[in-house]
Every structure is written in structure tokens, then in C-alpha cells.
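Asks: Using the hints, position chain B against chain A.
Protein chains: 2
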Amino acid sequence: MEKYDIEYFLYIGGNDSMDTIKQLSDYAAMHGKDQKFIGIPKTIDNDLPVTDHTPGYGSASKFIATTMKEIIRDNESFGASEPKLCVVEIMGRNAGWLTAASMLADDPDCNGPDLIYLPEVAFDPDTFIHHVKDLCLIEKSIVIAISEGIKLADGTLVCELGNDAAFVDAFGHRQLSGAGKVLTNMIAEQIGYKTRTIEFSILQRCATHLASRVDIDEAYNVGYVGCEAALNGETGKMITIEVLKRTPYVADYGIHDIHDIANVEKKVPLDWITRDGTYVSDEFREYAHPLVLGSLSKYTAGGVPKHLVL
Amino acid sequence: MEKYDIEYFLYIGGNDSMDTIKQLSDYAAMHGKDQKFIGIPKTIDNDLPVTDHTPGYGSASKFIATTMKEIIRDNESFGASEPKLCVVEIMGRNAGWLTAASMLADDPDCNGPDLIYLPEVAFDPDTFIHHVKDLCLIEKSIVIAISEGIKLADGTLVCELGNDAAFVDAFGHRQLSGAGKVLTNMIAEQIGYKTRTIEFSILQRCATHLASRVDIDEAYNVGYVGCEAALNGETGKMITIEVLKRTPYVADYGIHDIHDIANVEKKVPLDWITRDGTYVSDEFREYAHPLVLGSLSKYTAGGVPKHLVL
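Taken in sequence, the protein lines are chains A and B. For the record, in the first sequence the residue sitting at position 126 is 126 according to this note's numbering, with numbers rising by one throughout. For the record, in the second sequence the residue sitting at position 1 is 1 according to this note's numbering, with numbers rising by one throughout.
If we strip away everything but chain A, and leave its shape as in the complex, we get (with noise of 0.2 Å):
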């Protein structure tokens, strides 16, 4: 940064980020350099604390929302004489905001998923097929959606029931995958319904075509107000975001000490999981509701969205 002249460093990201700006910061401080750090909060994961939301997770649960309620509506459509089941496996290793998401597609013409498993809460699998076997009884079409890190009450991770191998990433997270097709193995062994997984993978992080508005207006504005605050001299600090009202939504822009944010991880609070485990309150939906509102009036040229190319 001294070779460069670079004065200020603004590091968008997540938790990861976030410990970033901190040791950076912190080695600033400690060696008396003059280079401001400022942390501008963007992750779909929504794991950060401090802040009510983060960018980016508004956007992501536009595209779980909407996209469940078409998986919910398609696996409806068959009139099976039997159960149709089907386990969708939402992002999120140790917090359930993604998937709890899901919730949102509960809606007057559709009943949302019937089962949401977050990864706050231990998994049973002897209770969740108890659960599965009740619901077979009184329905035709069955849709459930789980965060790829639910665990086991001794911390085993779903996923590792499977064979599937796990990857490491550069910042020593276990790349999930497979706990979705571990249920649905589990079902056909211990029900036998036919049932599919569906991986919703890298599409919920990239699906720019269903942006929210709320969610692109915010992550402009964190920008804003970080270069304002590196301006002004802060450093070591992350933008927040400050909802002052829900309904109607009204939100304004905060700054805070960056130590209060790195290597915390901000989970679904437990007296928002309802139904033994099994779904989220109407406590999730005040919360999540405002962030996926509104679109982006995206420029489509011939029939399909244009990207901007830098």
C-alpha cells in the first residue's frame, strides 16, 4: 500500500473479510501506519453480527423463495396416487438464514415448504422420518428444505452419513454437500417413497435476474457510507446497517468496531425455530420479508439478461 500510495482499504466480504480488516487494522495501529480499513458488509450467508442484515442475503432469499415456491408447485402437479417427496439443500454451514428463507414462499397461493431443518438445531434422523411418516398420511406432495450443515446432536455433520467426499477451502471450511441426498437415501430405505434432491449449489449466490431492489439500494449505500467514513478518518471498523422500522421498512447506516464482528458468526435465534425444529416463526418473516422486496429492472437484449462487463 506505501509502494502504491494507497491510503484507504475498503475489503467487501464476509466473516472471513471482516478478520481481514482486523489483523489489518490492528498491524496498522500497532506500527503506527496512517492506512484506514473499513469492512463493507456483503455475505448471502447473513452471519454477521453486529449489523441487522448483511448485502447480498436479501437477494438470495428473493431467488429460494420464489424458486421453492415453482419446486413446490411442480412437485404438486402429479396427482401421484403415492407421497411424492422431494429435499432441497440450501446453503449455510453453521446458520440457517438461507434456508430459513424458504419460509417466504409460504404465500396465500402456496404453503411453503413442510419442513425446515436449520443448522441450529440438532438433527434426529429417528425423529425426522417420524415426522416424514406423519405427513405421507395426510399428503400427496411433500417438500423439505435443509441447510447443508445440519448436525447431528454429537456434531457429526449430516452430510458425512454419505460417501461423498468433503473439500477443504482456502480458508480451512469444509466444502459441504450431500446431506440433502442423504435424507432422500434415508427416506427410501426407511419409507419408501419416491423422493429427489435438489442442490440449489452456486445459483442462490448468482442469480442476479432476481436481484431485490432493497437488497441492490443497500449494498450501494454500505459502499457509500464506508468511503464517507475512511474519509472522515475511521478505521477498523465495519458498515452496519440499522433497520429503524420493519413495517414500513425504513433503514439508515451505522459503523462499528470491527473486533465486536470478526470470527463471530450471527445464528437464527433459537426462539425463532418453531414446531419441535421443524420451521421458522412469523418472527422471521417481519425480519426477512422487507429485505426481499422490490426488483431490479434488469436489461435484457434478446431474451436474455445483459451482464456489465468492466
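Among the clues, some could well be false.
Note: identical chains are not told apart, hence a pair may lie in one copy or across any two.
Straight-line Cα separation of at most 30 Å, DSS-like style, residue types lysine-lysine; simulated pairs [stated by the list, open to error]:
#1 266 x 151
#2 42 x 151
#3 151 x 267
#4 42 x 140
#5 42 x 194
#6 298 x 140
#7 42 x 298
#8 194 x 140
#9 306 x 194
#10 245 x 42
#11 306 x 245
#12 42 x 306
#13 151 x 140
These are computed hints drawn from the structure, not numbers from a lab.
Replies: Chain B in isolation, oriented as in the chain A frame:
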């Protein structure tokens, strides 16, 4: 039908449905029955003969092209030191129409997939690995589109090279899945770079939020023309789409004997498959591009599209 005084039977669907129309109209003819049986084409597979294309294909192609662009952009965004690969598995047992549509992601702002494999051409694992190795020498982001039904020269399905059990549906078709995973494992073993598998699964057939306007209009029109035909006394026939001009797009509707249609699968013409069986030609683009044009102004309430519930 006699019990309920039903005179007209219009059946919306693909190959299996057209076979039903053939059997029912043959039965009526053989037994001197007056009921009229008309097929209305509708399948994302686009594998019905005689008609230029089938309703459903344009919207599924719009989803595939849009999502493929987003996946490619995501895959390119890492600036990794070594190549990052992604295999995208797309529906299509014997016909590669849907997978071919991934080439519509090839736009001024996107290079499109690097390799496209259709079931129409025998798949050779050694040549595949050779192509991928070559790409790894010159690119850091490689995205490969494959049909679920790609097969070796001896007819063995690539997905059967994996461990996944194959289900059989009500019409006796095998439920395929796993070809993408098989190729991903092949790359991991023989090349070693990190590779992700994405299955579009049912998202490609149920993503109504990305429906094409041309497709919606034509779906309505083949129904209208089918009703007219039945009322005019036609039976044992299917409504067809006849494209008079591709640019600007002008289509009309016709009607054709079901016996030329039932149980005949229309495949991607071999002379549209290029680059040693790894891509599709501009003729394909000219064919498919008009079908993804325009959008439905979807009725959104609360940030998520509403569905019509009868």
C-alpha cells in the same frame, strides 16, 4: 367419455401424450366412435417431430441461458491460481435441445460454456479428458454443459458409470441423474483440479419467473387452434408450429396426422453439432434464439412472484 357426454379430448403434452392421442383416436376410428382427439404440443424437451418446436422449450431455454451466464460469471469471479471447473447437467435423455440452449449464454458479455455435450454424439471419456486438459492450459474458468443422457459409443449411459441407482418412471423411462457427477469425478481423478457439479434438476422446467413471452403466446395459440380444429371435426392430429421467418420471427400454426408424430423423437441435427462434438453451430442459435424472446410481466406481491391457483 360417453358416460359424461364428452365429445372432445385435447391432450397437452410430449411424446407419451401424443402416443395416447394416437391410441385413443385409433380406437375411436376402429369402433366407429365420434369423439375427437387432438394433441396439443407442450414439452420442454422439444423432441416432437413435424412441429418446428414445442411450447415450453423457449422458456426452459431462457432459464438455461440466463442461469448459464450467471454460473459462468460466478465461476470466473475467483481469480484462482489454478483452473476452476464446473460441470452443469441439463435434462435430455436422447435429444440435446435443452443442453444446446446453453450456447445462448454466448453473448458479447459472456463467452458461453466451453464445452457442450449432447446425447446425439457418442461420448468418449479419453477425448473428453483431452479437451479439458487443453482448456486448462489456457483458461482459469471452465464451464461444461452436458445432457443427462450422454452415452458411450456402445450405448452405455455415462451416468451408469457412477454408483447412482436408476429409477424407472411410469412410462418405463429410466430416471437419469449422475452423469455430471461421473464427469466431475473423472476430472478429479485424471486432472486433479477442483470441479463443481450443478444439476438444474426440475428448476429448468418450473422456473415460470423466467418464462419467454414468445413461448407463452405460442402455448396459448396452439391451444386455441386445437380447440378450433376439434370443433371443425378434426381428430387423430396434433397442432404444429410453423416458423415462416426466423428474423424477424413470424410463426403460424398447422395440424398434422398424429401417426407421423407419436413415438418419433426429434433430435438435434448432427450438422448443427460442431467442434468435434463439443459445441453447437450458429444454425442452432438462429433456430433457438427467437424462442427465448420477451418476458412475462409477472405479477409480484411482497417481492415474490404470485402463482395462479384454481
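Asks: Looking back at the numbered hints, which does the structure fail to meet, lowest number first?
Replies: none
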